[in-house]
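**Student:** Using the hints provided, position chain G relative to the given structure of chain L.
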Amino acid sequence: MRELTRTTLALAVAFGACGDDDHPVPTPAADPAGPTVSLTEVVDLRGEIQAEENDRVINVAPIFFDDADGGFLVADLKESQVRLYRRNGSLRAAVGGPGDGPGEFRSPAMVHRLPDGRLVTGDFVNARLTVFTANADSVLDTQDPPLFPLYNALPLSSERLLLAGRQPGSPRPRLLHVWNLGSERIEASFFPVPVAPELSATALSLGFVGLDRRADTLFATFSLTDTVYAFSLTASPPRPIGKTPVPIQGFTIIPPKQDVSRSVEARQRWIAQLTPIQAVHVMPRSFLVLFGERQGPENLWHWTHFSRDGAPLFELRNGGQILSTRGDTIFFLDPRAMVPNRWQFGVLKPR
Amino acid sequence: MAILTLSAAAIGRFGDGDGLRQGDPTPGTWRGADRTAPVVAWVFRGEDCLSCFTPAYDLRRLQAEHGDRLRLWTVAVQDPGDLARPFLKRERIETVHRSLDMDAYRKAFGRTELPALYLSLRDTIRGLWRPGRGAAWDGAGSDPTLREMVAHLIARSRGRD
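Just so you know, the protein sequences line up as chains L and G, in that order.
FYI, the numbering for the first sequence is 1 to 351, going by the numbering used here.
FYI, the numbering for the second sequence is 1 to 161, going by the numbering used here.
Derived by calculation from the structure, the hints in this document are not laboratory data.
What you are looking at is a predicted structure, and each value in this text was computed from that prediction instead of being measured.
Heads up, some of the hints might be wrong.
[As the list claims (entries may be wrong)] Calculated pairs, EDC-like style, for lysine to aspartate or glutamate (alpha carbon to alpha carbon, straight line, at most 16 Å): (1) L:349 x L:328; (2) G:89 x L:334; (3) L:349 x L:141; (4) L:243 x L:309; (5) G:107 x G:18; (6) G:89 x L:298.
The following block holds chain L by itself, in its conformation from the complex:
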C-alpha cells in the first residue's frame, strides 16, 4: 500500500512510477488549445531569486506556498523538511527531518500560514498535520485526519483546513474534506473522484488535486481530468458552481479496461503518454494551469493559460515548474536548471 501511495507522490513531484496498479492505456482527447509560445513571448522576466542553502538545507523537491509577509513557505518532499524563506531568498528557518516524531516528516507536501499566524504542515504519506508556532520554532500540535494519502491542503480559517485526500475504505470516496483543527474531525466531504467508477481506483492511485482560492470560491483540478472545478465555500458542504475546460494540446484521458503489463518499462511508457495536471493558479482574469510530461528520464513542465470561461490564451511548452503566483507575477524554476534553488519571476504580458 505504501508503494501505491508513493506512486501518487512521485507523480505529483516528478511522474515517477512506483505503482502496482494495472493501468489502462490513455488516449488523447481532442481539446483545442492556445497557440504554442515561448517563455519570453508571454512573460516579462523581472528577476531571479537565489535560494539560500547550507549543509542542512538543500532544495531537492520543493513545493511552494506563499507566506503572509511576501516570503515563501517551502515543503521539500525528498528532504522531509519545511523551510521559511524571505522574499529575497534568504533562509529564515528550516525544520523537520525524516521520522514519525513530532516535528519530523515523511514527505511534507504542503505548508500554510493560518490567519492567526501559526504554521500548519501536511504530510503526504501519513496525512499528518503538524501545527507550528509562527517562526516554526516549536511544535504546537499534531493531528492525523483519516485520509491516505493527503494530496493537498488550503486554509479556510484559523480553525478549518480544506484537505484533499483519499478516504481509505470508503465506498463513495470524496476527494475534498473540511477539517476542523479544534474538534479534529472532518466536517464535510465533497468532490467525488471525477472519473467513471471503473477507473476510480486507477485515478486515485495517480490522482493529485490542485487547489486555489479567490474569496469564497474554491478552484480545484484533478490530475487526470482536463477541467477546473469551482465550488462555493459559503455553503456547507461547499457546493459545485461550475466547471471550466482546460485547453491542452493532446490531453490524454483514460479509457476503461485496458491493461498494460506490470513491467517498469510498460509503466513508464504509460506515464509518458499522460499529461497530468499539477496545479491551478487563479490569475486576476484567467487561469494558469501547470501540467507535466515525462520524456525519458526527464520531466517537462508545461503551462496553459486561458480565460475564466475557458478560451485558450497560450500554451507554453517546457516553461519550467510554476512555484507560485501573486497577481500577475509568476514564480517558477528555470527550465534549463536541473537544480531547484534558483527561482525566476516575471509578469504575464498582456495579450
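**Tutor:** The following block gives chain G in isolation, referenced to the frame of chain L:
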C-alpha cells in the same frame, strides 16, 4: 560527474561466487589513491531510479556533512536508457558514476542482489546495506547506522593522518 573505471582485470574475483560481504576486499578501482577516505558506493539497476525507495537522502546528507573527506560512487547496472545520470542530478548527488552490464556486474560484485550500498575503507568492505534490511534507504526510513559509521571512519582516519 567523473567516470569510474572498473578494469576487467581488477573485477575478476567474483566469477561465480557469492556476493561481496563485510571484510571482503573492495573490487577494482574502488581502491583509490586516497585510501584514507571512506567510499560509499550505491550499486543499483537503472530502473531503480524510477523507484521511490532509494538511498538518495542519505547520500545527500553524507555529501553535505563530509564533502571531499568522503567519496561517493554509483554504479548503474543494466541502464541502457541512462536513467541514472539525470536521476543523480535531480537528487543533487555528486558522484563518480559508471554503468555496467550484468556480466560485468557479476564479475565485480558476485551475486549480491541489487540494489545495495557498500561502505569501504582501506580497500575493505566495512558495511553492506540493502533495502528493507534496516538502513539508509529512503529519507523517511533512514537508518543512522551508515551515517554514524561514515562519521566514525572519517574521524578515525583523520586521527591517523
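**Student:** Hey, residue 349 of chain L versus residue 141 of chain L, does the alpha-carbon distance stay inside 16 Å?
**Tutor:** Status violated; Cα separation ~44 Å.
**Student:** Is residue 89 of chain G within 16 Å of residue 334 of chain L, Cα to Cα?
**Tutor:** It holds: about 15 Å lies between the C-alpha atoms, which stays within 16 Å.
**Student:** Does residue 328 of chain L sit within 16 Å of residue 349 of chain L, going by the straight-line distance between their CA atoms?
**Tutor:** holds (9 Å)
**Student:** Going straight from one Cα to the other, do residue 107 of chain G and residue 18 of chain G come out at no more than 16 Å?
**Tutor:** The hint holds at about 10 Å.
**Student:** Assess, step by step, whether the Cα of residue 243 of chain L is no farther than 16 Å from the Cα of residue 309 of chain L, and give holds or violated.
**Tutor:** Answer holds: residue 243 of chain L to residue 309 of chain L is near 9 Å, not above 16 Å.
**Student:** Within a Cα-Cα threshold of 16 Å, do residue 89 of chain G and residue 298 of chain L meet the stated pairing?
**Tutor:** holds (11 Å)
In the structure shown, a violation is registered for the earlier hint numbered 3 alone.
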